[in-house]
Amino acid sequence: MDKMTKIEIITRPEKMSDLKEAMNEIGITGMTVSHVLGCGMQKGKTEMYRGVPYEISLLPKVKFEIIVCEVPVDLVVTKAKAVLKTGNIGDGKIFIYPVENVIKIRTGEEGVKAL
Amino acid sequence: MDKMTKIEIITRPEKMSDLKEAMNEIGITGMTVSHVLGCGMQKGKTEMYRGVPYEISLLPKVKFEIIVCEVPVDLVVTKAKAVLKTGNIGDGKIFIYPVENVIKIRTGEEGVKAL
Amino acid sequence: MDKMTKIEIITRPEKMSDLKEAMNEIGITGMTVSHVLGCGMQKGKTEMYRGVPYEISLLPKVKFEIIVCEVPVDLVVTKAKAVLKTGNIGDGKIFIYPVENVIKIRTGEEGVKAL
Ligand SMILES: Nc1ncnc2c1ncn2[C@@H]1O[C@H](COP(=O)(O)OP(=O)(O)OP(=O)(O)O)[C@@H](O)[C@H]1O
Ligand SMILES: Nc1ncnc2c1ncn2[C@@H]1O[C@H](COP(=O)(O)OP(=O)(O)OP(=O)(O)O)[C@@H](O)[C@H]1O
Ligand SMILES: Nc1ncnc2c1ncn2[C@@H]1O[C@H](COP(=O)(O)OP(=O)(O)OP(=O)(O)O)[C@@H](O)[C@H]1O
Ligand SMILES: [Mg+2]
Ligand SMILES: [Mg+2]
Ligand SMILES: [Mg+2]
Numbered sequence: 074m075d076k077m078t079k080i081e082i083i084t085r086p087e088k089m090s091d092l093k094e095a096m097n098e099i100g101i102t103g104m105t106v107s108h109v110l111g112c113g114m115q116k117g118k119t120e121m122y123r124g125v126p127y128e129i130s131l132l133p134k135v136k137f138e139i140i141v142c143e144v145p146v147d148l149v150v151t152k153a154k155a156v157l158k159t160g161n162i163g164d165g166k167i168f169i170y171p172v173e174n175v176i177k178i179r180t181g182e183e184g185v186k187a188l
Numbered sequence: 074m075d076k077m078t079k080i081e082i083i084t085r086p087e088k089m090s091d092l093k094e095a096m097n098e099i100g101i102t103g104m105t106v107s108h109v110l111g112c113g114m115q116k117g118k119t120e121m122y123r124g125v126p127y128e129i130s131l132l133p134k135v136k137f138e139i140i141v142c143e144v145p146v147d148l149v150v151t152k153a154k155a156v157l158k159t160g161n162i163g164d165g166k167i168f169i170y171p172v173e174n175v176i177k178i179r180t181g182e183e184g185v186k187a188l
Numbered sequence: 074m075d076k077m078t079k080i081e082i083i084t085r086p087e088k089m090s091d092l093k094e095a096m097n098e099i100g101i102t103g104m105t106v107s108h109v110l111g112c113g114m115q116k117g118k119t120e121m122y123r124g125v126p127y128e129i130s131l132l133p134k135v136k137f138e139i140i141v142c143e144v145p146v147d148l149v150v151t152k153a154k155a156v157l158k159t160g161n162i163g164d165g166k167i168f169i170y171p172v173e174n175v176i177k178i179r180t181g182e183e184g185v186k187a188l
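Chain order of the listed sequences is A, B and C.
Residue numbers 74 to 188, in the working numbering, belong to the letters of the first sequence in order.
Residue numbers 74 to 188, in the working numbering, belong to the letters of the second sequence in order.
Residue numbers 74 to 188, in the working numbering, belong to the letters of the third sequence in order.
FYI, nobody ran anything at the bench for these hints, they're computed from the structure.
On a predicted model such as this, the values are computed, not experimentally measured, just so you know.
Hints may be right or wrong, so weigh each one.
[To be verified] Some chain A residues well away from chain C (every beta-carbon gap over 12 Å; in silico): (1) D164; (2) G165; (3) N174; (4) T180.
[As the list claims (entries may be wrong)] Derived pair list, reagent style BS3-like, types lysine-lysine, alpha-carbon separation capped at 30 Å: (5) B/K158 - C/K88; (6) A/K154 - B/K152; (7) B/K177 - A/K136; (8) C/K158 - A/K158; (9) B/K136 - C/K88; (10) A/K79 - C/K76; (11) C/K79 - B/K152.
[What the hints assert, rightly or not] A partial selection of chain A residues facing chain C, derived with a Cβ cut-off under 10 Å: (12) I99; (13) T102; (14) L110; (15) L131; (16) V144; (17) V150; (18) K154; (19) G160; (20) N161.
Just so you know, even glycine gets a beta-carbon here, dropped at the ideal spot from N, CA and C.
The shape of chain A in the complex, shown without the other chains (with noise of 0.2 Å):
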């Protein structure tokens, strides 16, 4: 069976929707986007959020989780940069995990067929 591989981009809310359009235009054919709460782990050097310092080093995040097979990984993630690379601190990470199998509940389909 193909490698298949889950990547999950947790960045600034205010990029969703630029992020939603840049994986459709590099041909994604489905993604889960979640709202979360992330500690970045600053060490003394402070985030903003909507012009406010924040002192407590929890901020609103979005995460995507996209599963690929056939799209490249890399295209994946150098696409995200792309959208997300502001150079402050606070424009995200992103993080591969393994995928053992994918089925499309409406036809059966399995593996790289379901996606």
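Following the hints, complete the assembly by docking chains B and C with the ligands onto the known chain A.
Chains B and C with the ligands only, in chain A's frame:
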């Protein structure tokens, strides 16, 4: 150690209660549920939400996370399909991931004993 | 590349702040927190939420996701147990997963350098 597996089921919010009952019936010992947004890339086809067609591809979905060891993955998948399949687009998707360990905090038990 | 691991801790919402501080103390460099619903299959035993027994097995829980490389998994687990264990049902569960890679968007660093 026995192989442990995470099964992630993403489907329509209306199915939340039925899916919970179905998992209970097959002896699942715990589950975690969250509200997410799903972007299905329908490439022109329109998914309905509460009778309204959605132009933008971002719909409320419910995500179930179930970690199993003794209950077979196939049984969970078969049962989920039985409850969730309508034949319409948007029935949902199942993702399978490897799990390295589980710990029950109250007892300190690990692995299959923690499930 | 050094082994990277995801530690997922699901516990009572009241413990959110204590757990965050505890993780900070052991040098965790980031974490992601979300609100979820937990179905513990107590098979007859009743878990309490804000002093009220819950008939239906669906309770508000908080989920911490922590990706580590240099900080040992065992240290995170031991610290989490110390903060979360009350001896009552519902203390929480810890799930351990493999991670393939991590990328810090601001710097482009990968792997252990991105953590
Ligand atoms: N080790 C980690 N484990 C789990 N989640 C993390 C971890 N590191 C970062 N995150 C998540 O990613 C979000 C964005 O992280 P962020 O961009 O602040 O990373 P960073 O390493 O602090 O980089 P920067 O120095 O550019 O701010 C965090 O708010 C948190 O939700
Ligand atoms: N590749 C993917 N990566 C991440 N999440 C996905 C992916 N594909 C689907 N999902 C999630 O699963 C949800 C349900 O998907 P859906 O049932 O629409 O799958 P589909 O492949 O579009 O099948 P169908 O043609 O039957 O609609 C989506 O809303 C999204 O949250
Ligand atoms: N097998 C599982 N799969 C997915 N999530 C689980 C599983 N078991 C537990 N959880 C999640 O962890 C939360 C806390 O679990 P809980 O502490 O009640 O575990 P437990 O095994 O029932 O132990 P206890 O007997 O001490 O209550 C649950 O509410 C649920 O969100
Ligand atoms: Mg940061
Ligand atoms: Mg769809
Ligand atoms: Mg319980």
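Hints not upheld, ascending by number
Of the numbered hints, 1, 2, 5, 6, 8, 12, 13 and 16 do not hold.
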